[in-house]
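There are 2 protein chains.
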Amino acid sequence: MQFEIVHADSDTSARAGVITTAHGIVETPVFMPVGTAGTVKALHMKELREDIRSQIMLANTYHLFLRPGTDIIEMAGGIQKFNGWNRPVLTDSGGYQIYSLAGIRKFSEDGVVFQSHIDGSKHTFTPERVIDIQRSLGADIIMAFDECTPFPCQYVDARHSMELTHHWLDRCIEHFEQTECSYGYPQSLFPIVQGSVYADLRKQSAEFIASKKADGNAIGGLSVGESAETMAEMTDIVCHILPYAKPRYLMGVGTPANILDSIALGIDMFDCVIPTRNGRNGMLFTRNGIINIRNVKWKDDFSLLEEEGEVFPDVEYSKAYLRHLFVSKEILAAMIATIHNLGFYMWLMRTARAKIVEGSFCNWKNLMVNQLMRRL
Amino acid sequence: MQFEIVHADSDTSARAGVITTAHGIVETPVFMPVGTAGTVKALHMKELREDIRSQIMLANTYHLFLRPGTDIIEMAGGIQKFNGWNRPVLTDSGGYQIYSLAGIRKFSEDGVVFQSHIDGSKHTFTPERVIDIQRSLGADIIMAFDECTPFPCQYVDARHSMELTHHWLDRCIEHFEQTECSYGYPQSLFPIVQGSVYADLRKQSAEFIASKKADGNAIGGLSVGESAETMAEMTDIVCHILPYAKPRYLMGVGTPANILDSIALGIDMFDCVIPTRNGRNGMLFTRNGIINIRNVKWKDDFSLLEEEGEVFPDVEYSKAYLRHLFVSKEILAAMIATIHNLGFYMWLMRTARAKIVEGSFCNWKNLMVNQLMRRL
Numbered sequence: 010m011q012f013e014i015v016h017a018d019s020d021t022s023a024r025a026g027v028i029t030t031a032h033g034i035v036e037t038p039v040f041m042p043v044g045t046a047g048t049v050k051a052l053h054m055k056e057l058r059e060d061i062r063s064q065i066m067l068a069n070t071y072h073l074f075l076r077p078g079t080d081i082i083e084m085a086g087g088i089q090k091f092n093g094w095n096r097p098v099l100t101d102s103g104g105y106q107i108y109s110l111a112g113i114r115k116f117s118e119d120g121v122v123f124q125s126h127i128d129g130s131k132h133t134f135t136p137e138r139v140i141d142i143q144r145s146l147g148a149d150i151i152m153a154f155d156e157c158t159p160f161p162c163q164y165v166d167a168r169h170s171m172e173l174t175h176h177w178l179d180r181c182i183e184h185f186e187q188t189e190c191s192y193g194y195p196q197s198l199f200p201i202v203q204g205s206v207y208a209d210l211r212k213q214s215a216e217f218i219a220s221k222k223a224d225g226n227a228i229g230g231l232s233v234g235e236s237a238e239t240m241a242e243m244t245d246i247v248c249h250i251l252p253y254a255k256p257r258y259l260m261g262v263g264t265p266a267n268i269l270d271s272i273a274l275g276i277d278m279f280d281c282v283i284p285t286r287n288g289r290n291g292m293l294f295t296r297n298g299i300i301n302i303r304n305v306k307w308k309d310d311f312s313l314l315e316e317e318g319e320v321f322p323d324v325e326y327s328k329a330y331l332r333h334l335f336v337s338k339e340i341l342a343a344m345i346a347t348i349h350n351l352g353f354y355m356w357l358m359r360t361a362r363a364k365i366v367e368g369s370f371c372n373w374k375n376l377m378v379n380q381l382m383r384r385l
Numbered sequence: 010m011q012f013e014i015v016h017a018d019s020d021t022s023a024r025a026g027v028i029t030t031a032h033g034i035v036e037t038p039v040f041m042p043v044g045t046a047g048t049v050k051a052l053h054m055k056e057l058r059e060d061i062r063s064q065i066m067l068a069n070t071y072h073l074f075l076r077p078g079t080d081i082i083e084m085a086g087g088i089q090k091f092n093g094w095n096r097p098v099l100t101d102s103g104g105y106q107i108y109s110l111a112g113i114r115k116f117s118e119d120g121v122v123f124q125s126h127i128d129g130s131k132h133t134f135t136p137e138r139v140i141d142i143q144r145s146l147g148a149d150i151i152m153a154f155d156e157c158t159p160f161p162c163q164y165v166d167a168r169h170s171m172e173l174t175h176h177w178l179d180r181c182i183e184h185f186e187q188t189e190c191s192y193g194y195p196q197s198l199f200p201i202v203q204g205s206v207y208a209d210l211r212k213q214s215a216e217f218i219a220s221k222k223a224d225g226n227a228i229g230g231l232s233v234g235e236s237a238e239t240m241a242e243m244t245d246i247v248c249h250i251l252p253y254a255k256p257r258y259l260m261g262v263g264t265p266a267n268i269l270d271s272i273a274l275g276i277d278m279f280d281c282v283i284p285t286r287n288g289r290n291g292m293l294f295t296r297n298g299i300i301n302i303r304n305v306k307w308k309d310d311f312s313l314l315e316e317e318g319e320v321f322p323d324v325e326y327s328k329a330y331l332r333h334l335f336v337s338k339e340i341l342a343a344m345i346a347t348i349h350n351l352g353f354y355m356w357l358m359r360t361a362r363a364k365i366v367e368g369s370f371c372n373w374k375n376l377m378v379n380q381l382m383r384r385l
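Chains as they are written, first to last, in this note's numbering: chain A, 10 to 385; chain B, 10 to 385.
Because the hints were derived from the structure by calculation, they are not lab data.
Among the clues, some could well be false.
Note that the list lumps identical chains together, so a pair holds whenever it fits in one copy or between two copies.
As the list claims (entries may be wrong) - List of simulated lysine to aspartate or glutamate pairs, EDC-like, C-alpha gap at most 20 Å:
#1 K212 / E186
#2 K212 / E235
#3 K338 / E238
#4 K221 / E59
#5 K55 / E325
#6 K55 / E319
#7 K55 / E316
#8 K222 / D128
#9 K131 / E319
#10 K55 / D323
What you are looking at is a predicted structure, and each value in this text was computed from that prediction instead of being measured.
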């Protein structure tokens, strides 16, 4: 995996870059749509490629491990072939899903024993096992197995959790170096900074992670309930320590405003379920602000979803029609909201990148952060 | 509305025709995808136009009356503008939905009082009211208000129901002639033949309906549980009586085999939820037979959905991937199955039409009827 910084902003720490993987290039800053079970919910692969113009998707190790299972994905020749995406993929390590979805689970120094949320079956994830699974899935970028610290979290617990994550990281790296991708192309392992909301822990964790000289580095355990200010403070501390020349990935972030603010701090990669999950619940992000399309005020608004929008539903459907679809619980409602919101997020990222290259990112960002988050 | 017969088959009663409406032409025999609430479930309008290449869609008066309501559709300028379809639409009369969906209902000589299945609110449909509603919806073809006879049904009840339907038809026609479409273009009213499975009633009803000299005529009350032989027998009797030069619409039919057999009897128009509803449950129709994609036998079948298929999912997704989507309850499963099945139905209708024009319909039909219904 290669990462090249094409342009660095002079007013902020924002950068425009290009990641090159075995399955194609990814221009940064990038938002990665979340394809939990190997599919971005309510979206065709063709739409992800041609309408949303995404260059990379994220898939979840926990979900794919349980269904369809690594045996099926291995027989298909990897996740990119199994789902027909054929472009760069990043898989998470499953830690977060075990934490938030699985039934009874038991953490130990060695790893986690957990029960599937689907059928209650028992499984064990260790750092080595998670690397093996991600070798089978075959994503271009794979993540180290970490313990996701809850919020709020006592200092002593955050420190213990961070130390466990560091210990697991060493095991992940060792096992990663002893194994190979099942399909012949290279994979990159990203370690994850933890440390909750404690500046000294974040600093310590970032230094440990930076010392591993990975192809890219991630920041986990943020956007879990802390304030936007605290998130920015932690992100800023970590970005100053993580290597400049490697991509920085802020996991699970976020709203359009969170993303723009984090780009300014030097983040290159994002993923979040907000555009897809909130979209399926009727929340639309637009250039002028946020629409709750279920609101009765839209029932006779026959204007287009978003006249300046770049994806076809924006200029094919009216607000009144989309509201009708949501009220009637039609599948098409989720389909339209998903493609609209991801189309909007992609427009936001492409525009941010263009503004960085132009040298006008900072002013534009400050304007957008207010404009995009107002309620229409 | 115009109907021109382009070619009549010499071996069977099949015909290839063209219906011309204010919103465009419809080549017959035609299958009309069912867009219950003004949307074909799990399908973009763009896909209905460009991928499935449908020339007409059906929408349900009962559903649109309850949600979003005729006031909203009138403000939009009719159903074709409200949903962005902008092509020919047929609306049913709501009778069948009241019969099968609504809560407590009371039939009388005058009409039906029923409770909404959504919120229990009380409404009255009379022949006049149903014409008014369909004037507001603005479909190109609208249906007379009939009483749908259940199956099995005693002779005396079938006769009484048929007489009520005939009486309501006269009221529909009278009100239709006294009113106009809300949007300036012409609408055509199709009367409906009833009479359950009784040959003499079907004959009597067809003669009554034929005497009205409508732009087109429909056959209702079939495909409700009777055998395929009985359905064909009734259809045959009625087709011999209904005017040759007007389109004949067999309501709610059916499987690929039912449709091909009915085309041979002289039917021009069909609608059915089978390709869409059964598709959402994992039943796929293909040129080689029927697939239950949930079956474990497909879990590691990485072949394309249907290599000779005409719609993009046929050659973009594998059987194993679609099975995974169904097992994982992903929305994309319904999306793929819907576009696949409607794509198949449209291919079947286009091919049937081409075979009629070529003069080779009969042999092809006999081959297909067996091939399409076998289980893979």
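Cross-check of the supplied hints:
{"no.": "1", "hint": "K212 / E186", "result": "neither (26 Å within a copy, 81 Å between copies)"}
{"no.": "2", "hint": "K212 / E235", "result": "within (18 Å within a copy, 75 Å between copies)"}
{"no.": "3", "hint": "K338 / E238", "result": "neither (37 Å within a copy, 38 Å between copies)"}
{"no.": "4", "hint": "K221 / E59", "result": "neither (37 Å within a copy, 52 Å between copies)"}
{"no.": "5", "hint": "K55 / E325", "result": "both (18 Å within a copy, 8 Å between copies)"}
{"no.": "6", "hint": "K55 / E319", "result": "both (16 Å within a copy, 15 Å between copies)"}
{"no.": "7", "hint": "K55 / E316", "result": "between (23 Å within a copy, 17 Å between copies)"}
{"no.": "8", "hint": "K222 / D128", "result": "neither (40 Å within a copy, 61 Å between copies)"}
{"no.": "9", "hint": "K131 / E319", "result": "neither (45 Å within a copy, 43 Å between copies)"}
{"no.": "10", "hint": "K55 / D323", "result": "both (17 Å within a copy, 12 Å between copies)"}
When held up to the earlier numbered hints, the structure conflicts with 1, 3, 4, 8, 9 and fits the remainder.
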